[in-house]
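The chain contents come next:
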Amino acid sequence: MNLTLNINGTDHSVEFSDGELLLDVLRRLGLTSVREGCGVGACGSCTVLIDGHSVSSCLTLASRCENTEIQTSEGLGSSDLVVRAFIDAGALQCGYCIPGFVMMTTELLAENHHPDKQAISDHLEGNICRCGTYPEIMNAVLAAISERDK
Amino acid sequence: MSNEAPAIEIEDSAAVGQSWKRTNAESKVMGTFRYTADLPVPKCLYLGVHRASQPHARIVHIDYEGALAVPGVIKVVTGADLHNVLGEEMMTGPAFSDQPPLAWQRVRYLGEPVAVVIATDLATARAAADEIFVEYEGLTPVLDIDAAVNGQVFVHSELRPSVIFQDLKHLSGRKETNVNYEYHLLLGDTDTGLQKAATTVTGEFWTPPTSHVAIELFNASAWIEDDRLELVSTTQTPSYVRQTIASMLHIRLNQVRVRTSALGGSFGSKMYDRLEPLVAAIAWTQKLPVRLELTREESFVLTTRHGVAVSSQMSADAEGNIVSASADVRYDTGAYADVGPRIAAKSGMVACGPYRIENARITSRCIYTNKPSAGPFRGFGVPQVTWSHESLIDELARNLEQDPAAFRRRNLLREGDMSPMGTVMHSADFVGCLDAVTDAVGWDEPMQRKAGNWRWGRGVAVGLKAVLTPTVSNAVLQLNQDSSATLLISTVEMGQGSDTIMAQIAADILYLSPGQIRVVSPDTDVTPYDTITAGSRSTYHSGNAVKKASENMRDRLVDMAAAQMRVSVSDCKLTSRGILSSSTQRIISIEELMLSQFGATGTTMTTEANFTTEWTPYDKESGQSSKVTEHWFAGAAAAEVAVDIRTGRIHIRHLAVAGDVGRAINPTLVRQQLAGGAIMGMGHALFDEIVFDEGQMINGTLLDYQLPSIKDLPDRLTPIIIENPHRNGPFGAKGVGETGIIPIAPAIANAVRDAIGVRITTLPLTPERVLNALAEQGK
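Protein chains in written order, with numbering that gives the first Met the number 0: chain W, 0 to 149; chain E, 0 to 778.
Hints were generated in silico from the structure; no laboratory data involved. Every value quoted in this text rests on a predicted model; they were computed, and no experiment measured them. Note that the Cβ used here is the ideal one computed from N, Cα and C, for glycine as well.
Computed list of lysine-lysine pairs in DSS-like fashion (alpha-carbon distance at most 27 Å, straight line):
1. E:Lys168 / E:Lys619
2. E:Lys619 / E:Lys174
3. W:Lys116 / W:Lys149
4. E:Lys710 / E:Lys449
5. W:Lys116 / E:Lys20
6. E:Lys168 / E:Lys626
7. E:Lys20 / W:Lys149
8. E:Lys286 / E:Lys74
9. W:Lys116 / E:Lys710
One-sided excerpt, in silico: chain W residues whose CB lies under 8 Å from chain E:
10. Val39
11. Ala41
12. Glu73
13. Pro98
14. Glu124
Chain E with its partners taken away, still in its complex shape (with noise of 0.2 Å):
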């Protein structure tokens, strides 16, 4: 008989590439789950805003006594009463430091808030916030983009570049302009390549602002703790919102805590400064527990989508080769830039859509007027200049009587191919998603045209967009003894499923289960730096930073194994029974293993890593840059439409989308971003739109603003995952929350043009619109 102990069997850890089932299903289902506004907070006065009822204006007066005398009133405070206590620093943005949490001496968009009532009751400070009367003198209001660029008022009398942004440095006290931003992409030479051309096509693309309605409305809360200040906000930005209120009063960053539950949705809209400003500078200075709550009407004017002019050009030889493509991107971003100057910068410089083009030339702008600020909401403004450059390629390809699709997969970028903003292309597999979702629709099979007044056609259109870089993501876990796990990061779960692959990426490295591992929400106090849950990036950087944080473990794990059981770390390894040692076949559990070296039920060891990327800032005249991002974003969409010519209605038969996410950590929600990606999409493409007038947002509720229900669901809807995976991503991983929307109205407007062969520049691709352009058509 052998003394060797019989080989031990050992499962495969197995929890990437499952579809484990979302965090927090059941109590999210029955409701019972604890959004912000849920969280227990100390009794608060509730906050009022009285907003500005003029676009551009010079406040003369504030005549707040009628305010005061409302029974319930406890103060009411000013712009002038802030900038009294907390000076230039009141002044808060990612970007710029341009935005008071209340006007001061002047308003810059019609909704601006100007002075703020605390009551003790939410009804009484509302109510009251209307006693409240303004003298202003108007000033003529910037409207649009064309005469911002062209005209003599400014919005700001001089830019200011705050800290968090450092190479915007150089635009400090840049006087009389509303271009708060100017990005330059130059590749090439334009003209050589114009003579080459055997057909060019231009166009005057316009994507209106829109608004993110996530159905869960703004809420912040704030107060004072000892000599610390309390924050618990809808914010998908803890760490950075951290940062802002230390700097705006003068603290520590370990006397701001802020915090955050799961958000009821976001897509950008609960990003850098939103509440949290005014909410903390109210309790810090008034010394008093505030909480502000806002109406969906506030909401509204709150944060938008950029409304972006795109003027385009793009040429073909006779074979089908791109030889010559340029775009002037402008980007209205509102009073105030938020991240507008990034979003003009990252989105504009892939105007002219992943392919392989040897001469462009790419001006992209960010444009300050008296509306809303704009902000980053969903795609980065990717969306915006994907219209023209997909509406405009499948021009060409008419021009050329080519195949849309098969025009397109001659020119896109390939593995290992030079971008036009000269970074090499890696794990963005354009051809491959293209050639998904045209096998889905059936594009080669023969399609009825026509029945009745209905129009059929076939569209297509991919798209491209850089991760954000560099930022930085930190993970620390604490193993507990009975083998469960406590993860503490900055990500916000908002709908993404942040929560279940962050557990999933760790939990396959610890060989865990579902349920043995918690994500403990965002708690400034707690979990470490986040740079912001958004713009995809929380799968590879978040993820890798867990990854780092659980190989730490595991290798921790096996050095205390390998002593414990007095042979070589190298002969150790974790399985999901514990620790074996190979040599012996002897096996150690977490549990026994944790328990012998601390001598104790319940203890926790604890693990960090941290992840940071980095880029080469790409060059003021050319915007080339050898590493502009750190990984590619790949997507493409492809519709089947019917188009009703006497009444100008869409409806989609079959939208078809997929995304190259590097590898998929959990399918089942990867599907649901693209599907989701792909119905909001749907929308902007359709109907999804704000409207001004003289300033004013004019259907700024949800009775006039319209969404997608159940019942614009296309008839088949079919998300596709494309799996490359990145060299460096977590088991190859990157993220999908924006693929999904990026490539969707050009795809439908290009089945548009298929069916009933008019090309709409415009969106939302209304009833009106398709039959104007029906109509023009017939001239």
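The following block holds chain W by itself, in its conformation from the complex (with noise of 0.2 Å):
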């Protein structure tokens, strides 16, 4: 079968066997971002926006996601808030999870203006950083508010 998707601004014609999980036909079409974790929406390293809202890509089929707006980290580019803060805070280790917090930071920072960290955490508490970056992390969002708001 054939479908369209919307990723990150740009159609893509995909070829897809039924049944098959939006979190696969992402990585065929070369988003490294997009990763599993766990197969079962528990760590949050395959999230992306679907019309600005998060979802487990490993729990989405890709069937569901026509006439809609996929966004990814990778297309938020190397100048975004987000991503920029994340950097600047140093909010990484080994990386893996990191595309997954920066979306839903994203996706915080557009539905709630000013989260304080009790609002973070509520926010972020779904995503696994096993290195335990959570500190930098906290941190990267608060600079991003405070940056976004100058």
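Combine the two chains into a complex, taking the hints into account.
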């Protein structure tokens, strides 16, 4: 089967098999930021935004994503506010889970203009950083908020 | 007017001690960085693994007709098929050659690979693996360590030491035992010590098996290229894997190429034999390009942290001196020994803690059971014995009505002291670490003890670990004519920051800037041998090799410049602007020097260096050695907690962790390692645990297995760097990857003890355990 997916602002016509997950389709298209860590929607490393809302792409059928706008961290660009905040705060160790946190933060900043620490940790709770970079991630999110408000 | 040239202003080199940004930070944050699964490989067939459904059984028959009938399936391979071609050489392992890539004749844990399906795509391979049916003759499983030691069922018919650890040779052929290694430490006479005792405490301690859960899942691809085997794999031990595969396939080392990218975390999981023997054996025997990607559920049964039981005792005299200590340590290593025997020895030996003790006795055993194989996990078995000694010493202090921090301070080993293992202490400032963490949490300040249902308390713990010795590191440095450099090492970047700090070490010697040094990812065709990237050894060992290779390069540049400028070598030195002749005040840049030397742009010069450590093997009866390790890791943690006596919940108000790192090459990265280790240790203290039921792992998915999230962060987390330079460390530095995790669980448990008056000896400290302990106390 064939379907058209709008990813990071560009339409892609993709072959896919029935029941194929969005995670697998995105990886097949070379989007390396989307990663399977658990396969059950419990670690957050496959997080993408669909029409601005975060989803676990390991639980999302690709066929359900036609006529939506799919966003991955590759699409943000290196000058993006959140991307810069994570880099500047040193908010990574191995880096594997970080694009998931970046997408969650992007969603949070769009939804909640002045989240406090409690709201930030509530929002990021479903993402696991096994290296334990949480203090720097918190700093990055706070820095992104204050940078945006400048 | 003087003919003398004006003095040239030179900046000092200052790469070491600076917090350089992590290598590849931008691509890692954006998600464009290529981890191992993203590296280009030839088009591969996929493997689906059929796994044992019993913990201990004889394989009677494997029926795979159903799998072969699935469209897209090429072939099915069993352990017997591999054994027919590879023979006994298919058995691998760092300590014992005990593990087949696919079970042969017998399965020894539930989840063990029994057969693989080779198919055109991953989904087909996995689905077809479920169409294999195995007839078993059930054997009695050995499910716990005491049954393993005392029973008459044996996981392996005999012990088969590998050629890798030469000191295990004497165990070859030993039969009718599940104990594959036994370490003894004997110092003074514990009975004589007991005669001086004013108080004695004993305990039965248990730390459960846990899972590493690096978020990057295991994957490996292998294929034949001419007469060679190429392997791309998530491994932190590429040099080891090359040797294992070459031995298994009876081919030369240069016929095996092992590559890995930076890893998406490991914590000890991606070490030694993981997917590589299986994938290499299939690719080589079937002459097919194959790829294996594990699910999270499969990763859970691939390797675990050792569950450890410790029966221990500690005594002190009335003044507060420790007079006797003993520990009986049992490491549950599961069905395959992996590096368990090393863990039992090198971690068991610190089971009495970093204290001045005259009389000590330790027995530490590594024990086979019918469970998934346990291997190295951040801390290498030390956190489990620290759980015992740091709980006991807290009780000793309380019995003597002494402050637990002051009691430790009185007994801690100092610089120049003889450790209970017979090796002199150097660059291990336990007292400095202890002082730093107690200061951070305001140890001596008054504390509110009670608020509603909450009870508050403070606890402290210290930890000691020896670095793996002897080991080998090499570095090759290529300096390019434009004064950029390419560094070839087999150290694997996995979040610890090795690519960044190795570049800083070379930059410091050669006056280079961030971005001027590229560190090549491990590739056994080009990067030189390195024992392993593990055990916090890279900063010291690879760091020393990199430093020596850089110094060799500096010396070569000075020689060349002296010859070109016709001055003596001693007149020249490398500076930030090039090689300076002091007498002539002439300066020649690296670019000019290499251009005139070789007559071309784009040329290269290469230097190399080796760094090898040595040890004195410990005495088999007493465990004593004048040099049991190259150096020590010293750390401490202090916790302030609140315990809800109604629900049993523990809330951490402040966690401070300190490590003596010798010298911090990159302070930001060091603090991240300390804090990251502390957060992982907090998980082990409060909830992290693998649960088995009759050999079946029952919580091996991320829906069931709890890990620390951002909401589990303590209210305050304070990582503290202590620097007591090591005389042989590169710039005085030592590693720090494990220091932060070691003292965390007992520090938290000691704070809980302080808050609610109960001593819990089984981890994790779940609300149920806390409530049960409170109920027990109320009786």
